[in-house]
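**Student:** Chain residues, written in single-letter form:
2 protein chains.
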Amino acid sequence: MVFTATSLEELAEHFAQLPGIGRKTAHRLALYILKMPHEEVSALANALLTVKEKVRYCSLCANITENDPCIICSDPKRDHSLICVVEEPNDVLAIEKTNEYHGLYHVLGGVLSPLDGIGPEELKIKELLHRVSTTHIDEVILALNPNVEGEATTLYLAKLLKPFGMKVTRIARGLPVGADLEFADEATVTRALEGRIVI
Amino acid sequence: MVFTATSLEELAEHFAQLPGIGRKTAHRLALYILKMPHEEVSALANALLTVKEKVRYCSLCANITENDPCIICSDPKRDHSLICVVEEPNDVLAIEKTNEYHGLYHVLGGVLSPLDGIGPEELKIKELLHRVSTTHIDEVILALNPNVEGEATTLYLAKLLKPFGMKVTRIARGLPVGADLEFADEATVTRALEGRIVI
Numbered sequence: 001m002v003f004t005a006t007s008l009e010e011l012a013e014h015f016a017q018l019p020g021i022g023r024k025t026a027h028r029l030a031l032y033i034l035k036m037p038h039e040e041v042s043a044l045a046n047a048l049l050t051v052k053e054k055v056r057y058c059s060l061c062a063n064i065t066e067n068d069p070c071i072i073c074s075d076p077k078r079d080h081s082l083i084c085v086v087e088e089p090n091d092v093l094a095i096e097k098t099n100e101y102h103g104l105y106h107v108l109g110g111v112l113s114p115l116d117g118i119g120p121e122e123l124k125i126k127e128l129l130h131r132v133s134t135t136h137i138d139e140v141i142l143a144l145n146p147n148v149e150g151e152a153t154t155l156y157l158a159k160l161l162k163p164f165g166m167k168v169t170r171i172a173r174g175l176p177v178g179a180d181l182e183f184a185d186e187a188t189v190t191r192a193l194e195g196r197i198v199i
Numbered sequence: 001m002v003f004t005a006t007s008l009e010e011l012a013e014h015f016a017q018l019p020g021i022g023r024k025t026a027h028r029l030a031l032y033i034l035k036m037p038h039e040e041v042s043a044l045a046n047a048l049l050t051v052k053e054k055v056r057y058c059s060l061c062a063n064i065t066e067n068d069p070c071i072i073c074s075d076p077k078r079d080h081s082l083i084c085v086v087e088e089p090n091d092v093l094a095i096e097k098t099n100e101y102h103g104l105y106h107v108l109g110g111v112l113s114p115l116d117g118i119g120p121e122e123l124k125i126k127e128l129l130h131r132v133s134t135t136h137i138d139e140v141i142l143a144l145n146p147n148v149e150g151e152a153t154t155l156y157l158a159k160l161l162k163p164f165g166m167k168v169t170r171i172a173r174g175l176p177v178g179a180d181l182e183f184a185d186e187a188t189v190t191r192a193l194e195g196r197i198v199i
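If you read the sequences in order, they're chains X and H. The opening residue of the first sequence carries number 1 in the working numbering; numbering runs sequentially from there. The opening residue of the second sequence carries number 1 in the working numbering; numbering runs sequentially from there.
Bear in mind the hints are in silico, worked out from the structure with no lab data behind them. Careful: at least some of the hints might be erroneous.
Any copy, or any two copies together, can satisfy a pair, since identical chains are not distinguished.
Stated by the list, open to error - For lysine to any residue, the following SDA-like pairs were computed, each having C-alpha atoms within a straight-line distance of at most 25 Å:
| id | residue 1 | residue 2 |
| --- | --- | --- |
| 1 | K159 | N46 |
| 2 | K24 | A192 |
| 3 | K54 | E39 |
| 4 | K52 | Q17 |
For clarity, every value in this text was computed on a predicted model and none was experimentally measured.
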């Protein structure tokens, strides 16, 4: 048995298709929508359509944007000789939140994962090589996730980038701030020891 | 710093206003929408608007419906002399899922909660009394949640309904199926003992 109103059930079905939303949450959301003021629901529906209409990928860094090139690539105050390579647009967000990085980005759109059929052709690697060969770049920072696929992609990219002569770095792997050495896994502690710096 | 695309950020803001969706989930959902096929996004947007347009409350039981009276109230195969009083439309769903109940419902729209300013006037109590006084009802089952407000409302309704002469019952409180007596709280064990039945 489902909702006594078909359209509410349909809405719940739609919600249940979104990631991380189960059937119970979908039903709760549908009921919440029912109680929301009409204007707010219209605004949400419009926001959904607007995103699909307006948002595209930056032709330089492949980050999501409404204007091409994106506000980061077209910002003259940023350091255009520095490129940070990340997997997904969310990663750009994570790095921007620190307010510590003022270079440009390059969004790969994933990592190499042969088992999932993702090879170099599926990622924006050609575009990255084109960027470093046509513009003056001092340093490429590889900021992929520290898992098996991320590591493999980092090494692959480093090998491809080295011939261009710029500095190629990777972000540090070690203990996260606030962590406890006692409870850290061996791999992390190993990386933290390897990456030790002089104080 | 937020998404580099304003409309995506706006969509995330909308998602973050829904219950149980934090900022991180909202961002993830917004990015997921961006990757969804255009037709699916349109369908979701339409579903949202359709719910607000079509869904109303049944004039008899106050449950959500597209047709008034709702499919439960207008079903001749159901026992129209039996009313189950619940708090919210979700509760109707929970009971219908058992496939064990074949009477009608009455959705109160909440429970008495003086601290939140919810008195008898805010609930569909007048409508319930009107129903039991104008139609032939054999039994009213009070199926409110077993918490302080639910208990208070149950007792309040029982007092109001008794004079009409029909049977007034409440759903059993006791150990949930699959539970462990050892880990049950005192209040539940007390209710389970009080509600014991002859086997």
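**Student:** When no copy is named, should K54 and E39 be tagged within, between, both, or neither for a Cα gap of at most 25 Å?
**Tutor:** Both: 21 Å inside a chain and 15 Å across chains, each within 25 Å.
**Student:** Is it within, between, both, or neither for K52 and Q17, if the alpha carbons may be no more than 25 Å apart?
**Tutor:** Both: 17 Å inside a chain and 20 Å across chains, each within 25 Å.
**Student:** One pair to classify: K159 and N46, alpha carbons no more than 25 Å apart. Within, between, both, or neither?
**Tutor:** neither (45 Å within a copy, 49 Å between copies)
**Student:** At most 25 Å between alpha carbons: which applies to K24 and A192, within, between, both or neither?
**Tutor:** Neither: 42 Å inside a copy, 28 Å across copies.
Comparing the model with each earlier hint shows violations of hints 1 and 2; every other hint is respected.
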